[in-house]
Each structure stands twice: as structure tokens, then as C-alpha cells.
Amino acid sequence: MESNRGRSFSRRWFLGAGTASLATAGLGTGLTACGSSGGAGGDGKTLTAFVYGDDAVKVQQAAVDRFNKSAAAKKAGGTIKLQKVPGSDYSPKLRTAMGSPSAPDVFFNWGGGSIKAYEEAGKLVDLTGIIEDDPVLKDGFLPSVLAAGDLKGRHYGIPMRGMQPVILFYNKSVFTEHKLQPPTTWDQLLDINAKLKKAKITPFALGGSDIWPDLMWLEYLVDRIGGPEVFRRIQDGDAEGWGDPAVLKAAELVKELVDDGAFGSKFTSVSYVNGGAPAVFAKGKAAMHLMGSWEYSTQLGKFPDFARKNLGWAAFPTVEGGTGDVRNVVGNPTNYWSINSRIKNKDLAIAFLKECASQAYAKDLVALGDVPTTSNASELLSSAPNPEYAKFQYDLVAKAPAFTLSWDQALGDALGTKMHTEIGKLFAGKSSPSEFVAACKGLK
Amino acid sequence: MTAVVEKRPPGERPTTKAKASSIGRPHAAWALPGVLFFTFFAVVPMALAVYLSFTSWDGLGDPRPVGLDNWQKLLDDPRMTQSLWLTVVLTVASWAFQTVVALLLGVWAAGRQRNRAILSAIFFVPFLLSSTAIAILFYALLDPNFGIIQKDTLGSQSGAFLAIVFVGGWQFIPFHTLIYQGGARQIPEVLYQAAAIDGAGPYRQFFSITLPQLRHTITTSTVLMVVGSLTYFETVLILTKGGPGTDTAILPYLMYEAGFKTYDFGYASAIASFLVIAATGLSLVLVRLTGFGSMRSTREGM
Numbered sequence: 001m002e003s004n005r006g007r008s009f010s011r012r013w014f015l016g017a018g019t020a021s022l023a024t025a026g027l028g029t030g031l032t033a034c035g036s037s038g039g040a041g042g043d044g045k046t047l048t049a050f051v052y053g054d055d056a057v058k059v060q061q062a063a064v065d066r067f068n069k070s071a072a073a074k075k076a077g078g079t080i081k082l083q084k085v086p087g088s089d090y091s092p093k094l095r096t097a098m099g100s101p102s103a104p105d106v107f108f109n110w111g112g113g114s115i116k117a118y119e120e121a122g123k124l125v126d127l128t129g130i131i132e133d134d135p136v137l138k139d140g141f142l143p144s145v146l147a148a149g150d151l152k153g154r155h156y157g158i159p160m161r162g163m164q165p166v167i168l169f170y171n172k173s174v175f176t177e178h179k180l181q182p183p184t185t186w187d188q189l190l191d192i193n194a195k196l197k198k199a200k201i202t203p204f205a206l207g208g209s210d211i212w213p214d215l216m217w218l219e220y221l222v223d224r225i226g227g228p229e230v231f232r233r234i235q236d237g238d239a240e241g242w243g244d245p246a247v248l249k250a251a252e253l254v255k256e257l258v259d260d261g262a263f264g265s266k267f268t269s270v271s272y273v274n275g276g277a278p279a280v281f282a283k284g285k286a287a288m289h290l291m292g293s294w295e296y297s298t299q300l301g302k303f304p305d306f307a308r309k310n311l312g313w314a315a316f317p318t319v320e321g322g323t324g325d326v327r328n329v330v331g332n333p334t335n336y337w338s339i340n341s342r343i344k345n346k347d348l349a350i351a352f353l354k355e356c357a358s359q360a361y362a363k364d365l366v367a368l369g370d371v372p373t374t375s376n377a378s379e380l381l382s383s384a385p386n387p388e389y390a391k392f393q394y395d396l397v398a399k400a401p402a403f404t405l406s407w408d409q410a411l412g413d414a415l416g417t418k419m420h421t422e423i424g425k426l427f428a429g430k431s432s433p434s435e436f437v438a439a440c441k442g443l444k
Numbered sequence: 001m002t003a004v005v006e007k008r009p010p011g012e013r014p015t016t017k018a019k020a021s022s023i024g025r026p027h028a029a030w031a032l033p034g035v036l037f038f039t040f041f042a043v044v045p046m047a048l049a050v051y052l053s054f055t056s057w058d059g060l061g062d063p064r065p066v067g068l069d070n071w072q073k074l075l076d077d078p079r080m081t082q083s084l085w086l087t088v089v090l091t092v093a094s095w096a097f098q099t100v101v102a103l104l105l106g107v108w109a110a111g112r113q114r115n116r117a118i119l120s121a122i123f124f125v126p127f128l129l130s131s132t133a134i135a136i137l138f139y140a141l142l143d144p145n146f147g148i149i150q151k152d153t154l155g156s157q158s159g160a161f162l163a164i165v166f167v168g169g170w171q172f173i174p175f176h177t178l179i180y181q182g183g184a185r186q187i188p189e190v191l192y193q194a195a196a197i198d199g200a201g202p203y204r205q206f207f208s209i210t211l212p213q214l215r216h217t218i219t220t221s222t223v224l225m226v227v228g229s230l231t232y233f234e235t236v237l238i239l240t241k242g243g244p245g246t247d248t249a250i251l252p253y254l255m256y257e258a259g260f261k262t263y264d265f266g267y268a269s270a271i272a273s274f275l276v277i278a279a280t281g282l283s284l285v286l287v288r289l290t291g292f293g294s295m296r297s298t299r300e301g302m
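Quick mapping for you: the protein sequence lines, in order, are chains A and B.
With the first letter of the first sequence counted as 1, position 420 gets the number 420 in full-length UniProt numbering; the numbers rise by one all the way through.
With the first letter of the second sequence counted as 1, position 26 gets the number 26 in full-length UniProt numbering; the numbers rise by one all the way through.
Take these hints with a grain of salt, some might be off.
[What the hints assert, rightly or not] Below 25 Å or equal to it, Euclidean Cα-Cα: the simulated DMTMM-like pairs (lysine to aspartate or glutamate) are:
id, chain 1, residue 1, chain 2, residue 2
1, B, 261, A, 150
2, A, 418, B, 189
3, A, 444, B, 189
4, B, 261, A, 55
5, A, 441, B, 198
6, A, 249, A, 236
For the record, the hints were derived by calculation from the structure and aren't laboratory data.
Computed from a predicted structure; not experimentally measured.
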């Protein structure tokens with residue numbers, strides 16, 4: 001969407017005047033778009049569902065196909081139409097669509113802060129009562145996951161994808177060759193770093209140009225040093241929470257790592273999204289990679305031999321003197337479906353969302369390498385592409401006392417973007433740990 | 001070569017045609033499609049942006065009027081100051097790089113040999129590619145681990161800036177070369193013949209004939225470059241995302257971030273309106289300073 005807007009011919013032809021028209025082309029749609037069929041203003045026969053359009057979308061497509069032929073769909077009198085939105089465009093596209101008459105009836109999201117603006121604008125159906133009254137939904141999902149997407153203790157979403165905890169991945173062959181064990185404490189991690197650097201191997205791959213991989217380090221460090229309460233306070237809207245000593249300490253550890261060359265000297269121009277960081281890791285140029293659980297399927301797709309033989313995984317180590325539980329996890333508990341409050345046929349949407357609690361749906365997720373958040377998931381894991389890895393992930397999440405939602409998702413787009421900028425500056429050495437803390441306290 | 005035609009007051013047609021039939025002559029209605037198109041796709045959105053700049057709007061619900069808040073923020077925002085400075089640096093650097101290369105290439109390509117025509121056509125190819133495709137291509141080439149230059153190019157401010165200026169130049173120099181080629185071919189051959197007789201060498205000819213004769217071409221090309229640099233966006237988005245840190249976050253990128261990442265459409269509209277004002281002002285100043293507006297012919301006195 002953005003990329004087409006500033007094309008050179010319009011720049012040349014409309015000169016300055018073009019700037020405004022280009023800038024507002026997107027804004028204008030919110031005011032001028034005419035109602036198109038199938039949206040929330042539609043007849044209720046066909047409901048539109050927006051979904052993040054990546055590889056995992058085949059699970060949702062299969063669910064829609066299954067549902068549209070089912071008795072439940074006939075009873076509710078309609079069908080679902082899936083609209084796959086390319087990943088990088090998802091958030092802005094959803095935002096502009098939700099402000100227009102062609103808004104989706106059901107849409108994918110990350111729960112928490114990612115839907116806060118919609119809740120405040122009265123655009124979401126409160127699903128708390130519906131879930132409580134429906135045994136399929138109430139007992140269908142892990143309670144902690146269902147709760148992780150809440151806003152002020154109310155449910156606005158139904159879990160619909162796998163769990164995505166952040167995991168410390170390591171290259172088994174590099175570790176074996178240098179007689180190393182995955183670190184369980186921060187001191188061990190620093191020790192391993194020193195040995196790897198002596199062997200001219202970058203300790204950690206990091207896709208620093210995307211910024212969100214940087215964020216994972218802060219999320220875990222703050223959790224290990226000060227526990228999940230530190231970020232919980234920030235998430236609840238108290239910007240002074242950034243002043244917690246745990247945040248400063250975490251930022252200092254990050255700076256030490258960066259200065260020490262733990263991420264190599266080029267990480268600020270390496271990307272995860274375009275495959276740079278996974279390739280550095282798979283080719284043994286870097287020994288470890290702190291990344292979401294999707295790293296496994298990424299590697300399986302790009303470097304299958306590496307994924308099958310040499311990819312190892314471990315929990316994030318403890319930090320000496322920290323109060324956080326080593327079993328705590330950060331990342332994305334899962335993704336959710338939410339319902340637009342302007343929907344014409346709510347029963348049809350609910351009937352479809354129940355499909356996500358079904359055995360067939362969970363099986364599709366497992367086949368893709370995901371670990372579902374349904375309560376029946378553990379018995380299905382033996383059929384996963386790598387049952388050992390699936391079991392590790394499931395146990396990690398099931399045993400975790402706290403699962404902190406990725407900070408950027410928890411804070412929502414507006415704050416999350418500004419926080420990204422500050423994190424990018426910290427990692428690039430453009431600001432000191434104390435400047436980072438001061439800048440974050442000023443975010444609003 | 002007297003300039004009779006040029007000296008006629010603007011808008012007055014030659015008397016010999018004054019009584020000609022009005023059929024086939026330009027009529028106000030002919031402009032209608034263009035005017036309508038421009039109104040709907042430029043004037044209306046622009047007015048909308050100005051209106052939005054006085055409101056607070058997150059993309060949901062209705063815009064809420066907030067008076068001059070966004071404009072006040074524009075003045076106070078340290079990122080805006082930084083962006084403005086970066087935009088100026090980028091504009092000047094792009095102009096210098098593109099003008100020097102395009103001018104030399106254009107004058108060289110103005111020669112009449114067949115190989116030059118073919119080479120000129122090849123030169124033009126980068127301009128035909130989409131900016132996005134070019135940026136993605138260079139992003140891959142600049143990959144620090146797998147690209148052709150295995151350095152942390154985009155990881156430092158100077159590296160990222162040079163990359164943006166170079167990629168922009170790579171794309172737009174062909175276009176400006178074409179303009180200079182056209183301009184250089186308009187210069188009467190007699191001037192060079194006379195200069196040669198007087199004993200002027202190629203360098204003297206270039207500086208005393210070619211450059212002065214090209215001054216309107218330089219203005220045209222400069223206005224396009226300057227205004228183009230003010231809206232330079234895709235390359236920054238794809239190559240650096242405004243990074244490292246905020247080191248390459250020029251104004252259009254800041255506008256995009258305010259609008260489509262933090263959903264502060266009011267502030268984004270204020271930045272957009274500021275860009276329109278700056279671009280219009282700058283082109284007016286350029287035209288005035290260079291005397292382009294007075295429409296003096298470069299052939300006067302010949």
C-alpha cells in the first residue's frame with residue numbers, strides 16, 4: 001500500500017501538490033469509501049474475516065472451507081469469506097478498513113494493546129459472557145492463553161493460532177565442536193561469548209534492522225531481573241514504570257553485550273524478515289539466536305538439514321541477583337479472532353470461532369509445526385513434525401508462571417512504534433542506558 | 001535570429017490569425033477533464049489534509065478538532081527538527097551528486113554518434129524500474145553477510161545516507177541526463193564554431209558556452225530534484241526504515257510513521273501540509289533566484 005503511493009511519476013508531475021494528495025489518499029478512504037458488499041455493513045449472509053497472510057494461513061483456509069460446508073453454518077444461515085492481508089501491511093490495512101464501511105466482521109489480532117484502540121472506539125464485541133456460557137469455548141483453550149489477550153479482565157478474542165514463546169536457539173554442531181553447553185545463567189552466557197569470540201564466531205545472530213528482535217532481549221532481561229510485574233505496570237499505563245531499576249539494569253546488560261561484540265559488528269543492518277539473521281545462524285557464522293518459536297519452521301523452510309540435525313533450543317538463562325522466575329516466558333501467547341461490533345450475524349461468527357477449538361483445527365496447526373493453545377493439544381503433539389520440539393514448547397508455556405505478551409503488541413501500535421525507535425537507538429549505540437530509560441518515560 | 005516571436009506580449013496571438021475560426025482552438029471546456037481529475041485527486045485530498053492537521057484522529061471514529069495543537073507540536077518536536085535537517089542534507093547531497101553526473105553525462109550524450117544514442121537508451125533503463133524494486137535490489141546487494149559489499153553499510157549514519165543518495169542517484173540520474181541531453185542539443189553549433197576559431201579549447205567551451213546556455217535546463221532539473229527529494233520515501237522505508245536509530249528519518253518517513261505506524265493522522269497531516277508549503281516555497285524561490293520566471297531566452301543577442 002505505502003510503496004505504491006510515492007511513485008516517481010506522480011512526484012514529477014504533480015510536484016509539491018502531489019505530496020498532500022499522496023499522503024491523504026490513504027486517509028481519504030476512511031471518509032469517502034462507499035460501502036462494499038460483505039463488510040460489517042453487509043447483509044449478514046457472508047461474513048468477511050481478515051487474516052494475517054503468511055504460510056500458516058492454510059490452517060484458517062481449511063477451517064473456513066470446513067465450516068462453510070458444515071451444519072452449523074447452515075443453521076446460522078451464512079458463510080465466511082477469508083481475506084488474506086500480506087503480513088507487513090496487516091496493521092495499517094486493518095486500521096484503515098476498521099474506520100470505513102468495508103470493515104471486516106471478524107479479524108485476526110495479537111490481543112491486548114493491539115486491539116485497545118478498537119475497544120475504546122466501541123468496535124469490539126465483548127466475548128466474556130459468550131465464552132462463559134459456551135462449554136466448547138470455555139473449556140477449549142488453556143485459560144492462561146485465553147486471558148493473555150484480555151483488556152481490563154474482559155475477553156475480546158478467541159485463540160486461533162499456535163503459541164509463540166521466545167526461545168534461545170543454538171547451533172548444536174558449533175557447541176559440540178567448542179565443547180559448550182547452553183547457558184543457564186548470565187555468567188555462563190558471558191563465558192560462552194568469550195570462548196566463541198576467541199574462535200572467531202559471533203555469539204548471537206540478531207536481525208537488528210527490524211528492531212523487534214532487539215526487543216526480545218530486553219523483554220527477557222527485564223523479566224529475569226525484576227519479574228513480570230515490571231512490565232505489567234508499564235502495560236497498565238504507568239510510564240514511570242520505565243524508571244524501575246530492572247529496566248536500567250537490562251539496558252546496561254544489553255549495552256555490554258553490544259559493546260562486547262556479542263551480536264557481531266554488523267547486526268544493525270541485518271534483517272530477520274528477509275532471512276539474513278536465520279542464514280547467519282544456520283551457516284554457523286553465529287552460534288545462538290534468541291527468537292520466537294517460529295524460528296524452527298523458518299529454518300525448516302530455508303535450511304532443512306540444519307533444522308533437523310543441528311538446531312538446539314533452551315530456555316533463557318537466569319540473571320544473578322534477579323528476582324524473576326526462570327520459568328517465565330515472553331513472546332506471543334497466540335493470535336486471536338475478534339468480532340466487529342457492527343456485525344449483522346453474530347451467531348454465524350460465534351459458530352465459526354468454535355471451529356478453532358475443534359480437534360480438526362488443532363491437528364492442522366500441529367501438522368504445520370505449531371503448538372495449539374487448545375486444552376487437548378498435548379495429546380496431539382506426537383504427530384508434530386518434531387515431537388520433541390513441540391513437547392519442549394508446550395511444557396515451557398504450560399509450566400510458565402507468567403507469559404508476558406511482546407511489549408510492542410501489549411502497548412499497541414502508537415506506543416509500540418515509539419518504543420521501537422528508542423530500542424533501535426539503544427542497540428545502535430545512539431543512546432545510553434540512562435538516556436533510553438529517560439526517553440521511554442517520556443513516551444505517550 | 002531576431003526574437004520577434006518571443007517579444008510579443010504573452011497571451012496575444014499573431015494578428016494574421018486573429019480572425020481565424022474558433023473551431024479547433026483551445027476552449028476552456030477542454031481543460032475540464034484535467035481540472036476535475038486534479039480537483040478530486042490533488043486539491044480535495046490536500047484540503048482534507050489541511051483540515052485533518054487541525055484535528056486529532058486515530059483512524060477510527062470521527063476526527064476531533066484540536067485547533068493548532070498539531071502545528072504547535074510540529075514546532076516543538078525534536079524529531080521534527082532532526083528530520084528537517086536530515087531532509088536538507090539529503091536534498092543538497094542528492095542535488096550535488098545527481099546534477100554533476102547528469103550534466104556531464106547529458107552533455108556527452110548530446111553528441112550525434114550512433115553509439116551514444118544506444119548508450120543513452122540503456123542509461124535510461126533504471127528510471128523505468130519501480131523505486132520499490134530498486135530499493136529491494138540494493139537492500140539485497142548491501143546485505144552485510146551475503147551482499148557484494150560485506151560491510152555494515154546501513155548500520156552507520158554516513159553509510160546509510162550515502163546508500164540512500166547513491167540509490168536515488170542511480171534511479172534518477174538517467175532522467176536528468178535526458179533533460180540535459182535535450183538542453184545541450186538545443187545549443188547552436190555556430191557558438192562552438194566561433195569559439196573554436198577564437199582558440200577556445202573544450203574546457204573553455206564547456207564553461208563559457210555549454211553551462212551558461214544550459215542555465216534554464218539546470219533550473220528545471222534542480223526544481224524537480226529538490227521537490228523530488230522532499231518526497232523521497234520508498235528507498236528510505238526499504239533500505240533503512242529511518243535507521244540506524246533515527247539517523248535517516250527524513251520528513252516523508254516521519255510523516256509515514258506518524259500516520260501509518262502510530263496512527264496519529266492529525267500530526268501526520270500537519271507534516272504533510274508543511275511539506276507542501278516547503279516544496280511550493282522552495283520551487284518559487286528557485287525559479288525567482290535563477291531568473292527562470294522572466295522567460296528570458298538563452299538565445300538573446302544572437
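These are the hints, each one checked on the structure:
1. For the suggested pair residue 261/B and residue 150/A, the alpha carbons sit about 23 Å apart, so the restraint of at most 25 Å is met.
2. Simply put, residue 418/A and residue 189/B have alpha-carbon atoms about 59 Å apart, too far for the 25 Å limit, and the pair is violated.
3. Between residue 444/A and residue 189/B, the direct Cα distance comes to roughly 65 Å. Violation of the 25 Å bound is thereby established for this hinted pair.
4. For a cut-off of 25 Å, the pair hint linking residue 261/B to residue 55/A stands: about 24 Å separates their Cα positions.
5. The hinted pair formed by residue 441/A and residue 198/B fails the criterion: a straight-line CA distance of about 73 Å is larger than 25 Å.
6. For the proposed pair residue 249/A and residue 236/A, the alpha carbon gap of about 21 Å is at most 25 Å, so the pair holds.
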